[in-house]
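The chain contents come next:
2 protein chains.
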Amino acid sequence: MNDIVKPPAGGNAVFMRRVIELSRESMNTLHGGPFGALVIKGEKIISEGTNSVTLWNDPTAHAEVVAIRRACTALNTFQLTDCDIYTSCEPCPMCLGAIYWARPRVVYYAGERTDAAQAGFDDDLIYRELPLPPSRRSIPMVQMMHEEATRVLAEWNAKPDKIRY
Amino acid sequence: MNDIVKPPAGGNAVFMRRVIELSRESMNTLHGGPFGALVIKGEKIISEGTNSVTLWNDPTAHAEVVAIRRACTALNTFQLTDCDIYTSCEPCPMCLGAIYWARPRVVYYAGERTDAAQAGFDDDLIYRELPLPPSRRSIPMVQMMHEEATRVLAEWNAKPDKIRY
Chain A
244 MNDIVKPPAG GNAVFMRRVI ELSRESMNTL HGGPFGALVI KGEKIISEGT NSVTLWNDPT
304 AHAEVVAIRR ACTALNTFQL TDCDIYTSCE PCPMCLGAIY WARPRVVYYA GERTDAAQAG
364 FDDDLIYREL PLPPSRRSIP MVQMMHEEAT RVLAEWNAKP DKIRY
Chain B
244 MNDIVKPPAG GNAVFMRRVI ELSRESMNTL HGGPFGALVI KGEKIISEGT NSVTLWNDPT
304 AHAEVVAIRR ACTALNTFQL TDCDIYTSCE PCPMCLGAIY WARPRVVYYA GERTDAAQAG
364 FDDDLIYREL PLPPSRRSIP MVQMMHEEAT RVLAEWNAKP DKIRY
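Chains as they are written, first to last, in my numbering: chain A, 244 to 408; chain B, 244 to 408.
Because the hints were derived from the structure by calculation, they are not lab data. Treat the hints loosely; a few may be bogus.
Stated by the list, open to error - Below 20 Å or equal to it, Euclidean Cα-Cα: the simulated SDA-like pairs (lysine to any residue) are:
hint	chain 1	residue 1	chain 2	residue 2
1	A	K405	B	E268
2	B	K284	B	R346
3	B	K405	B	Q322
4	A	K402	B	H274
5	B	K405	A	N271
6	B	K284	B	L318
Said to hold, decoys possible - Here are the simulated distance ranges between beta carbons:
hint	chain 1	residue 1	chain 2	residue 2	range
7	B	G285	A	L375	24 to 30 Å
8	A	N271	B	S378	29 to 35 Å
9	B	A397	A	A256	17 to 23 Å
10	B	D325	A	A256	32 to 38 Å
11	B	N255	A	L375	23 to 29 Å
12	A	Q322	B	R379	22 to 28 Å
13	B	D325	A	Q322	36 to 42 Å
14	B	S378	A	L273	30 to 36 Å
15	B	R260	A	P376	23 to 29 Å
What the hints assert, rightly or not - Computed footprint of chain A on chain B; a stretch qualifies when at least three of its residues, placed anywhere within it, have a C-beta under 8 Å from a C-beta of chain A:
hint	segment
16	282-293
17	354-368
Being a predicted model, the structure only gives us computed values, none of them experimental. Just so it is clear, CB atoms sit at the ideal spot from N, CA and C, and this is done for glycine as well.
Given these sequences and hints, build the entire structure.
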């Protein structure tokens, strides 16, 4: 990825060093894959996350997801407005999706998805699967009862007291 | 999406009806967005999930993520081998990523990402952002300290007692 901005515009090496330390800790304690993440607000660490997939039996417990969930609990919000995320590796599609839903200000990352792939992680495969139409993906996806579902979404649209996120 | 398989090959309308009921419940109780999901093994419901983003202050608490996490706890595993997922709407990129990491057998879905977009949800935007190089995304992504991160991944590769996931 030749068009990545290097060196970092505004990234704090102290935070990234902590993230890489976390990734090594996660590996050495066998809590999960070698990945770490932080959520920062201003110059303060709001939360730390390490990959805990195998420790917790939770395939969604990637470092970024763990850090985002903890930061939202700490800040009592479902939006990480004005927060920055530091992660030891380019987020996988799940984590990138979580980041978009949390809406932080900026993401700093160190490793790339191809590095993760070389270490045996599926990130790159999932990036290639996502743009495919559902019916062509390696996990079969089958649509049914479309109309019934759209009726609920229409009710949502008409609902005056909904909380948007 | 004209090439989607219709009607469903093997989807069980009883389960999808339950999922759509869950999506309506989630909307009416204001727990979150109007979305529901189930994890099924054989003919048994292992877990149910509804969108609980605003209730729990957790932007990752989409119906599929909640159902996957609960099913993994119930089955004491981080892999949903031989399980099926039913979801009231085509999974967003975060949930689709979670599904790939959980590795179920098949995903049945009802609504489409464009339906979700019309109801004010970002799914479709995130699908369009994902294939972009990190530096071109609407949430800025900045790389730093690449070498330090790859060193940890090399240590992981050399580690004999790692648990793969």
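Quick rundown of the hints versus the structure:
Between K405 of chain A and E268 of chain B the alpha-carbon distance is near 13 Å, which keeps this suggested pair within the 20 Å criterion. Restraint check for K284 of chain B and R346 of chain B: the C-alpha separation of about 13 Å stays at or below 20 Å, so the hint holds. This hinted pair checks out: K405 of chain B and Q322 of chain B have alpha carbons roughly 17 Å apart, not beyond 20 Å. Taking the CA atoms of K402 of chain A and H274 of chain B, the gap is near 14 Å; set against the 20 Å cutoff, the hint holds.
With a C-alpha separation of about 9 Å, the suggested pairing of K405 of chain B with N271 of chain A holds against the 20 Å cut-off. Annotation: proposed proximity of K284 of chain B to L318 of chain B holds, straight-line Cα distance about 10 Å (limit 20 Å). At about 28 Å, the beta-carbon gap between G285 of chain B and L375 of chain A stays in the expected band of 24 to 30 Å. Checked against the hint of 29 to 35 Å, the C-beta distance between N271 of chain A and S378 of chain B comes to roughly 32 Å, which is consistent with it.
The given range of 17 to 23 Å is respected by A397 of chain B and A256 of chain A, whose C-beta atoms sit roughly 21 Å from each other. For D325 of chain B paired with A256 of chain A, a C-beta distance near 46 Å fails the hint of 32 to 38 Å. Look at N255 of chain B against L375 of chain A: about 25 Å separates their beta carbons, and that is inside 23 to 29 Å. Roughly 23 Å separates the CB atoms of Q322 of chain A and R379 of chain B, a value that falls within the hinted 22 to 28 Å.
In this structure the hint that D325 of chain B and Q322 of chain A lie 36 to 42 Å apart at CB holds, the actual value being about 37 Å. At roughly 34 Å, the beta carbons of S378 of chain B and L273 of chain A sit within the given window of 30 to 36 Å. Checked against the hint of 23 to 29 Å, the C-beta distance between R260 of chain B and P376 of chain A comes to roughly 25 Å, which is consistent with it. Evaluation of the coverage hint for the segment 282-293 of chain B: breached, as 0 residues show C-beta separations to chain A shorter than 8 Å, against a requirement of three.
Note: the segment 354-368 of chain B has 9 residues with beta-carbon separation from chain A under 8 Å; the three-residue rule is met and the coverage holds.
Hints 10 and 16 from the earlier list are contradicted by this structure; the remaining hints agree with it.
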